[in-house]
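Chemist: Assemble the whole structure, with the sequences as input and the hints as a guide.
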Amino acid sequence: MKIVLLLIAAIMAQAPAQNSNAPAGPAGPAGDARRGEGYYMKYGCWECHGYTGQTGNGARLVSTALNANGFMNYIRNPRTNQMPLYSAKVISDQDAADLFAYIKTFKRPPEAKDIPLLQQIINEK
Amino acid sequence: MKSKKESVNRRGFLKGAAASAAALVATPVAKAQEATPRQRPAAVVPNEAQLAADTGAPRRVEVERIVEHPGSDFMMDVLKTLNFEYITTNPGSSFQGLHESIINYGGNKAPELLTCCHEESAVAMAHGYAKIEGKPIMALLHGTVGTQHGSMAIYNAYADRVPIYIVIGNHMDAAVRPAGVNWYHSAQDMGALVRDFTKWDDNPASLGAFAGSAIRAYRLMMTPPMGPVAIMIDSEMQERPMPGPRPRIPKLTIPSPPQGDMAAVREAAKMLVAAQAPLINCQRAARTPAGMKLVTELAELLQCPVNGNGERMHIPSRHPLAGNGFQGYSTDLVLNLEVQGGGGPPNGAKSISISSLDLFMKSNIQDFQPMSQADLPIAGDAEATLPSLIEEVKKQMTADRKRAFEERGKKIAEAHSKQREQAIAEARWAWDQSPISLARLAAELWPLIKNEDWSLVGWQGFIGGWPGRLWNMDRHYHYIGGQGGGGIGYNAPAAVGAALANRKYGRLSINIQTDGDMNYAPGVLWTAAHHKIPLLTIMHNNRGYHAEVMFVQRMAAQRNRGVDRAHIGTRLIEPNINYAKMAETYGLTGIGPISDPKDMAAAFKRGIEIVKKGEPVVIDTITQPR
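Chains as they are written, first to last, in my numbering: chain A, 1 to 125; chain B, 1 to 626.
Calculated directly from the structure, the hints in this document are not laboratory data. Bear in mind the structure is a predicted one, so any value in this text is a computation, not a measurement. Beta carbons are placed, not taken as given, at the ideal position from N, Cα and C, and that holds for glycine. Check before you lean on any hint, since a few could be wrong.
Stated by the list, open to error - Looking from chain A toward chain B, a few residues come up when the C-beta cut is under 8 Å (computed):
1) W46
2) G56
3) I115
Modeler: What follows is the structure, encoded as structure tokens:
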């Protein structure tokens, strides 16, 4: 199970064919992060990805390399059965764009080397 | 001297209770009669003979109504030979005879009666206790209703192969059974309620038969694969005087656990020595403290990885051989030790299974899992078989193979060190976020307990396994696994039972407790307070049955509808539950709620100080979902 989840995380984090350096496809609607914050809760993204996209069983959204199109493609056709499929009927293109805009506002945590407590545990034998 | 007010309390209470009951039952009628003046019931006037008897010289006690040597005293004598430290119970009329014998005839010592607020708590406490102590305590259940309350916890213990000695009251004789509630609480075949998930049950018809059944039940329970047993005790047999001569109490001896056949053990050793990349896979192999040492010894001999601290401790968490090996470690032989079913080994690999489950299995409930695909299945208790296997591996190991093992071990150790560092670094995610991440919760707790003799008494499956990743677990009591049968409601009472077992060793018991599980039977907090069981409970309060939130979400998405409604029926919100206040209500110290990660360390320190004084504490932390 853990291996599967790590795999999902890896796919979401790397997604080489759809990363932000990939050639841009037809542009989708512009996203509104403020609306996206509400949708993140409403559509249950928090359930698997945590309240800030960093915890839970799902991929770490805070470090996603997907661009807006990639995100849209992913939620419409997830590469894994662990991630539910969201059609345009249940999450419209506009709502998805808003969600993505909100996800991009997530801030990464400090590195482990900058957290003394974790360094202390790492250095224990 | 009692005040007048106090002295009439009981009478006043009864009067009030009667009035309240009457009001409840008769409200509509009472309303209809409001206009009618109330009349006090007339006292019954005694006749002359009664008056003479009541006002004459004091009569002698009706000796024939006193039972000085009831059957339940003999039952107590039998139970005393089994050396139970405790009996957990929620009171019930079907065992009131034995109840009285425990507290008076038995002096309420060895065993001591522990008051529980639910039979599920009574059984689950015994479950947690046995996993720490390696021996059972007794759970005393009321007939029919109490047994059904306790049945979920019995099933968990059965699936977890944990011994619990269960005694169940019954009003067997319908000829003397008072009409009414006792009929609801009686059964022809009480054992049938739990027969699918007990190793053995019996319904002895005499005290002599009880003595034999009681000892036999203990023996069967403690012979691997271990599991709960149930003995029914008739209320009349408990309450009537001892009939005739005192029955003999058989001597208790425990059979030696079944070892695997030596020819098969030699073949297993041959396969392990020849393998290029063996893996030891454990589920419930370590049933005593010796189990962990034996698994570790075998792994060190072979220099191969050990996977499986999920249900019991099998190898220290920071041991270089803990885990699955290194990237590219292409397992060619899996040794499964007490692994219940499971899939086959990795592609092309062979497997050996050593398990006592091939010796005992029941049909109805499917806890036995898919049949394991072992190339060499050995029927026998893994822990009992390991010493022979270790000796055989030593005999068959050549100098060349030993050098190869050492090379293998070096690579595994290097990988383990890197994997450990990476796993700890993962704890940084959501480090400063509120609600609190479970990784940070475990990280903040570790420096405060690492120099204590600590014991994690709750399951870490719902908390991301963070204690196992961050803490140094190297004792059998550092972790005791989970429910067994996946029945929620296990964790809070099992933690209290495990903490009870830890108490006499002065260990600091810690439970990171999910909110959904706590709400099944939170009265166990009162039991911990009342019996002064020191336990630090830290709530993983994600305000819901979170696995089910995700399941319903996935189902809605799959059906293309209602993806914003998964919270219905799954979340514990509106109102939020305050577990610090809940704890205080039950007489514990409650701390929190805490939602800022920076506030955790101070709260944990305070909680640990109180627990070290011998009291239970609950700290409510508002957490990320997982």
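Chemist: Now tell me if each hint is right for this structure.
Modeler: Evaluated hints:
Evaluation of the W46 of chain A hint against chain B yields a held restraint, the C-beta minimum of about 7 Å falling below 8 Å. The interface hint given for G56 of chain A is met, as the beta carbon of that residue sits about 4 Å from the closest beta carbon of chain B, less than 8 Å. For I115 of chain A, the interface hint holds, the least distance from its beta-carbon to any beta-carbon of chain B being 6 Å, beneath 8 Å.
In this structure, none of the earlier numbered hints is contradicted; all agree with it.
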